[in-house]
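Engineer: Here the protein sequences come in this chain order: A and B. First residue of the first sequence: 5, per the working numbering; consecutive thereafter. First residue of the second sequence: 23, per the working numbering; consecutive thereafter.
The calculated label-pair distances, taken between Cβ atoms and stated as ranges, are: (1) B:Ile203 - A:Asp67: 52 to 60 Å; (2) A:Arg374 - B:Ile382: 45 to 53 Å; (3) A:Pro78 - B:Arg214: 48 to 56 Å; (4) A:Pro370 - B:Arg214: 46 to 54 Å; (5) B:Arg214 - A:Glu271: 43 to 51 Å; (6) B:Asp217 - A:Pro98: 37 to 45 Å; (7) A:Ser334 - B:Ile203: 31 to 39 Å; (8) A:Ser146 - B:Arg214: 39 to 47 Å; (9) B:Gly95 - A:Gly108: 56 to 64 Å; (10) B:Trp355 - A:Arg274: 44 to 52 Å; (11) A:Gln448 - B:Leu405: 47 to 55 Å; (12) A:Pro98 - B:Phe276: 39 to 47 Å.
Source of the hints: derived by calculation from the structure; they are not laboratory data. Heads up, the beta-carbon is just placed ideally off N, CA and C, and yes, glycines get one too.
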Amino acid sequence: MTNSAVRMTGVVKRFPGVIANDGVNFEVLKGEVHALLGENGAGKSTLSNILTGLYRPDEGSIDLDGTPVSFSSPKAALDAGIGMVHQHFRLVEPFTVAENVILGNPQTAFVIDTDSTVERVADLARRYDMAVDPNAKIWQLSVGEQQRVEILKVLYRGAGVLILDEPTAVLTPIEAEALFKTLRAMTAEGRTVIFISHKLDEVMSVSDRITVLRGGRTVGTVATRDTSTRELAGMMVGRSVEFSRATRRNPGDPGDVVLSLTDVSCEDDRGREALHGIDVTIGRGEIVGVAGVAGNGQRELAEVIAGMRTFTSGRILVGDKPLANGRARSAIADGVAHVPEDRLHTGLAAGHSVEDNIALKNYRTPLLSRFGMLKRNVITSQACDLVTRYDVKTPDTATPVRLLSGGNVQKVLLAREFSTKPKVLIAASPTRGLDVGAIETVRQRLVEAADDGVGILLICEDLEEIMSLADRIVVMYEGRLVADMPAVGATREQLGLLMGGATPETSQ
Amino acid sequence: MTPPSPVDEQVVDPHVSPSSRERSRFPRGLHSVVARLRLGMNRRSSLVVPPLALLSALIVGAVIVMLAGVGLGETLSAYRAMLDGSVGSVRAISETLTAATPLILAGLSVALAFRAGLFNIGGEGQMLIGGMFGVLIGFSLTGLPIFIHLPLAILAGCIGGALWGLIPGLLKARTGAHEVIVTIMLNFIALRLVDYGLKTSLFQREGRSDPISKNIEATAELPQLLGWLDSSLRVHLGLVVGLVAAGLIHWLLFRSTMGFEFRAVGANSTAARYAGMSISRAYILVMMLSGALAGLAGTGQVLGVLDRASPGFSAGIGFDGIAVALLGKSNPWGVVAAALLFGGLRAGGQEMQVSTGVGIDLIAVIQALIIIFVAAPAVIRALYRLKTTAEATRISRGWNS
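Between the sequences and the hints, there should be enough to build the whole structure, so can you do that?
Structural biologist: Written out as structure tokens, the structure reads:
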């Protein structure tokens, strides 16, 4: 037991309405790369936030090098030698690498000795094989280099335990290889690395041991050499349990295609390719589930179809009409409805009234306006009608959407999107953050829409939701569709493997 | 798992009464007044802030005056004179309305842009350019009847302001240049352009070497509204133009598809884009309209009050428009009310200076205090123990966007 670097026992962390960590046990040995594996929402981030002092656990204990510790702040954890490299960098862009490294370091004197700092940062970078110029400004660096600066920051502080949160999510494969080399150089010196990820192949190649979390609990810890991607996938998504498939009034007709994407590629906000030659079709009344871990191109896929993002190659047909590239207005006119994943930031204007939000897309149709004049009474009656039909709990239709509860916000959004009589509906995480009752309602609405002939692309991380609603399932991994299968007969293990990037051959 | 957002907890009953703990903090008399103000205003509470801001500003202003060595009695009589000078007589009211007229238009200009999420600081420049266009048509066309000449001059003023507003609008839409920086810079350019223009033979009055324009024709003058009563009552038709503009802007914002787009872009540009609206089109249009309103304010001054253009004839009204819009919560009728208040302060300040010797600078102090209190509603809410609502953060958040 002397070589235990970090031991967390029975850690419980509750948030209002959610238990994020429910008795997690987690032990990391000195000098190992220990992977923390789990789906989004499994409790990985909460656990690492507890370890770095951002949250205090409600129950449980933490031992560092065999001594019990309790961190009151991130600074306390850092002083104790635990450093975190966040997925979203915390760097000051106009500053140099060296300046960022010493930023907030209590050992920095009032007068900064730039030369010696630069020298020390350069030494540190050389020692761990990280190519980065200490005098470069952050904004000049690539994402991979910026990550190295984050690692240098932690190393410079003398951290013995480094936590890396999904470090490869932003890296190219070559940069990722370089990172793995750096990690091994660090563990060779006796430092400990906790590597948070959901990518199975990567975890298999970089770690010594792996702890899997699911639903806030520890599923188990295994030595990497004794396990397989298949076993990990099973641990990650859980054994299949019986779940009820939604009953359909009208089964879909995959032959009558309402949406087809042919070889569609696009770039993300940073200009990196986010979709690589996507081919997918949706038939009339068909629900196609897109499974995958967030950040593998799902958002871009939804935006491309909704006309909010231009595609760089390929073709999209709605019915048999080509979709205008990157024009939300024509996508809406062509019958594409879109329930975006961030309702209050994209889907609705939170400060506007319920009725204005319901009119947000069809205000320009002859129904609601003529010669540029709004028919306010029709807007109000349309809103009243939909509020009743969709059972939105609101004092009146003039209430700002911001004041409604999460489930009612989503109902307003669905009411609007369905009221346009769409051919295709893109629904991104439509039930995320809702309570059980609201989830049931939203799922029911989706099924009803499909029964009425709407082709639905259900983009969702929740496998159970996809498996209970979808007719067909496609899996996205790193901007590609890696599988396309009927939902009946698909297993969680199989999907988990594909979502983690295992090749279809190994999963057969 | 993300913890539930605070929005979930804000499903509030609009008629929550203040807790008894809060209530007990008030002296009896004040308590009932404030409690009444607070009654059922959870959603409308932002309307309560401006009057309380005015009250607070007057009190703090009085304290400042007394710190300068003026006695309480004299301070009160100064305020008395201010009241007389703003609403105490027909002449006072006329002066208040005259001062309020350009403030209404300049305030509408800022308010309209703000509704679309843009902060138009360029009212001064747009007023100057608009006024120059108006004055040019005002003196260069002769022999036209008033019902043709005056509308032409007013239209020219709108066009001038719109062109000056178009520049930041285009730059914002096409390059993302921040409208605050661009409009501030354009103010300086407009100021110097006017200085230059007034020295050219196109504008400069014959026989003068100082920068001053020719006088406008009588047919381009905005007629006095109360001239039949007394020819020295200055309030002019520009007031009606301002009120009509307020009505039109209200209609535009809340009854037209264009205004619907403006408000959507201002409230959440991502959602507006998602709904298929063109953000750049909205930016360009709204800056043109905003510029046109400021141009109208400048034109009203040259056609209704000054009869000519002189250097810096905008006199800071473009900047006061920002204050008026802020005080009026960017609502057209709120803007009218705020402009009347500021007009009253201005007219009353003159009277106060003349009859009591308390300087008109006090007016600037009071105006500034009002704006500080309105911009920091938390101060007012704390002073008067108002219940904080989600609404409270709205304007302060909005002005940053």
